[in-house]
Amino acid sequence: MTKEVKTFKQTMLVEGLKGRMNGALPNGQYVLMDVGAGKTFMVNPKEKMVIDMSTPPQMPKMPKQLKQAPADKPAAKSELIKVGAGPEIAGYPTTHYQVKADGKLCADQYVSEPALKVKHLKHFMESMGKMNAERKKAVGAMPFMKMNPCFIVAEEVAGDLLAKGIVLRTQSPDGNRDFEVLKIQTDVSVPANDFIIPTGFEIATPQQMMQRAMQRMNQQMQKNMPPAK
Numbered sequence: 000m001t002k003e004v005k006t007f008k009q010t011m012l013v014e015g016l017k018g019r020m021n022g023a024l025p026n027g028q029y030v031l032m033d034v035g036a037g038k039t040f041m042v043n044p045k046e047k048m049v050i051d052m053s054t055p056p057q058m059p060k061m062p063k064q065l066k067q068a069p070a071d072k073p074a075a076k077s078e079l080i081k082v083g084a085g086p087e088i089a090g091y092p093t094t095h096y097q098v099k100a101d102g103k104l105c106a107d108q109y110v111s112e113p114a115l116k117v118k119h120l121k122h123f124m125e126s127m128g129k130m131n132a133e134r135k136k137a138v139g140a141m142p143f144m145k146m147n148p149c150f151i152v153a154e155e156v157a158g159d160l161l162a163k164g165i166v167l168r169t170q171s172p173d174g175n176r177d178f179e180v181l182k183i184q185t186d187v188s189v190p191a192n193d194f195i196i197p198t199g200f201e202i203a204t205p206q207q208m209m210q211r212a213m214q215r216m217n218q219q220m221q222k223n224m225p226p227a228k
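Numbered according to numbering that gives the first Met the number 0, the sequence shown spans residues 0 to 228.
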């Protein structure tokens with residue numbers, strides 16, 4: 000039996016604390032980031048629309064019967080184990096680490112210390128990690144949501160991994176490569192406007208987009224309702 004794994008290639012441009020990700024989204028959409036300012040935008044050139052992902056979404060109110068639930072779930076025991084030398088990836092030597100939660104293997108990580116010396120990369124990755132951590136803290140966790148121990152541990156060891164180098168490959172326990180850097184290029188000429196929101200594009204938050212979708216749905220339902228007798 001052959002398991003089909005869907006993959007995609009993504010190009011990430013980094014200059015200072017600004018970044019742009021191409022290829023991860025359909026229809027030519029891309030992501031702009033200013034990790035220094037804590038800003039993330041999803042740009043849709045076809046619709047001339049920009050979704051501002053910077054503001055954490057509002058969490059729904061907890062049901063009354065669950066308000067007394069403990070706010071903190073018991074943390075999973077995290078382990079970051081150095082296995083030894085890893086393969087060369089994207090032209091950089093790596094060290095192989097394993098991430099475990101409660102003794103269970105979550106992922107094999109291949110980390111390159113020399114890649115930390117790539118211009119802009121270390122500072123950008125550190126700032127992006129801080130931005131993501133602050134966003135998760137602002138969103139919070141709902142006590143009745145059961146978190147996968149591997150997800151919890153991945154967040155806990157992210158800082159430790161970055162201190163050791165740049166992750167160039169993440170491999171799941173079943174052997175599939177969840178993530179791999181194929182190439183790192185430096186001193187690439189990039190147009191300045193590649194990191195800027197195009198002029199004339201409408202900017203909205205996910206909450207505003209949801210409200211618009213609900214309004215359109217209500218209007219459609221009213222049109223389809225039979226006339227009152």
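Think of the hints as simulated: they come from the structure by calculation, not from any bench. It is possible that some hints are incorrect.
[To be verified] Heads up, simulated SDA-like pairs for lysine to any residue below, C-alpha to C-alpha not over 20 Å straight-line:
no., residue 1, residue 2
1, K121, G15
2, K118, K76
3, K121, K103
4, K38, M48
5, K118, V189
6, K99, E78
7, K76, K103
8, K8, M48
9, K38, M208
10, K163, G85
11, K45, K76
[To be verified] Label-pair distances were calculated between CB atoms; the ranges are:
no., residue 1, residue 2, range
12, D101, M48, 40 to 46 Å
13, S188, Q221, 26 to 32 Å
14, R176, E14, 25 to 31 Å
15, M41, E155, 34 to 40 Å
16, Q184, Q206, 35 to 41 Å
17, F150, A36, 24 to 30 Å
18, A23, N217, 17 to 23 Å
19, M213, E155, 17 to 23 Å
20, P92, L24, 31 to 37 Å
21, Q9, S188, 29 to 35 Å
22, R211, D177, 32 to 38 Å
23, K81, G199, 19 to 25 Å
24, F7, E87, 22 to 28 Å
25, T10, M48, 30 to 36 Å
C-beta atoms are modelled at their ideal positions from N, C-alpha and C, and glycine is treated no differently.
Tested hints:
1. Only pairs whose Cα atoms come within 20 Å are accepted, and K121 paired with G15 is accepted, the gap being roughly 10 Å.
2. Taken as a hint, the K118 and K76 pair is broken in the structure, with Cα atoms around 35 Å apart against an allowance of 20 Å.
3. About 30 Å separates the Cα atoms of K121 and K103, which puts this hinted pair outside 20 Å; it is violated.
4. Restraint check: the Cα-Cα separation between K38 and M48 comes to about 16 Å, which is no more than 20 Å; the hinted pair holds.
5. Using a Cα cut-off of 20 Å, the hinted pair K118 and V189 holds, with the two alpha carbons roughly 14 Å apart.
6. With a C-alpha separation of about 5 Å, the suggested pairing of K99 with E78 holds against the 20 Å cut-off.
7. For the hint linking K76 to K103, the alpha-carbon distance of about 10 Å falls within 20 Å, and the restraint holds.
8. A distance of roughly 23 Å separates the Cα atoms of K8 and M48; the hinted pair therefore is violated under the 20 Å criterion.
9. Between K38 and M208 the CA atoms are separated by roughly 18 Å; this keeps the pair inside 20 Å, and the hint holds.
10. Restraint check for K163 and G85: the C-alpha separation of about 13 Å stays at or below 20 Å, so the hint holds.
11. About 46 Å separates the Cα atoms of K45 and K76, which puts this hinted pair outside 20 Å; it is violated.
12. Restraint check, D101 to M48: a C-beta distance of roughly 43 Å satisfies the suggested window 40 to 46 Å.
13. The beta-carbon spacing between S188 and Q221, approximately 54 Å, falls outside the hinted interval of 26 to 32 Å.
14. Taking the beta carbon of each, R176 and E14 are about 28 Å apart, inside 25 to 31 Å as hinted.
15. The hint said 34 to 40 Å for the Cβ distance between M41 and E155, and at roughly 28 Å that hint is violated.
16. Take Q184 and Q206: their Cβ atoms lie about 38 Å apart, and the range 35 to 41 Å holds.
17. Between F150 and A36 the CB atoms are about 27 Å apart, so this pair conforms to the stated range of 24 to 30 Å.
18. At roughly 32 Å, the beta carbons of A23 and N217 sit outside the given window of 17 to 23 Å.
19. The supplied range of 17 to 23 Å is broken by M213 and E155, whose beta-carbon atoms lie about 37 Å from each other.
20. The beta-carbon spacing between P92 and L24, approximately 32 Å, falls within the hinted interval of 31 to 37 Å.
21. Judged by the Cβ atoms, the range 29 to 35 Å given for Q9 and S188 is violated: they are separated by roughly 20 Å.
22. Between R211 and D177 the beta carbon distance is about 34 Å. The supplied range of 32 to 38 Å therefore holds.
23. In this structure the hint that K81 and G199 lie 19 to 25 Å apart at CB is violated, the actual value being about 51 Å.
24. Distance hint check: the CB atoms of F7 and E87 are about 23 Å apart, consistent with the given range 22 to 28 Å.
25. A beta carbon spacing of about 22 Å between T10 and M48 contradicts the range 30 to 36 Å that was offered as a hint.
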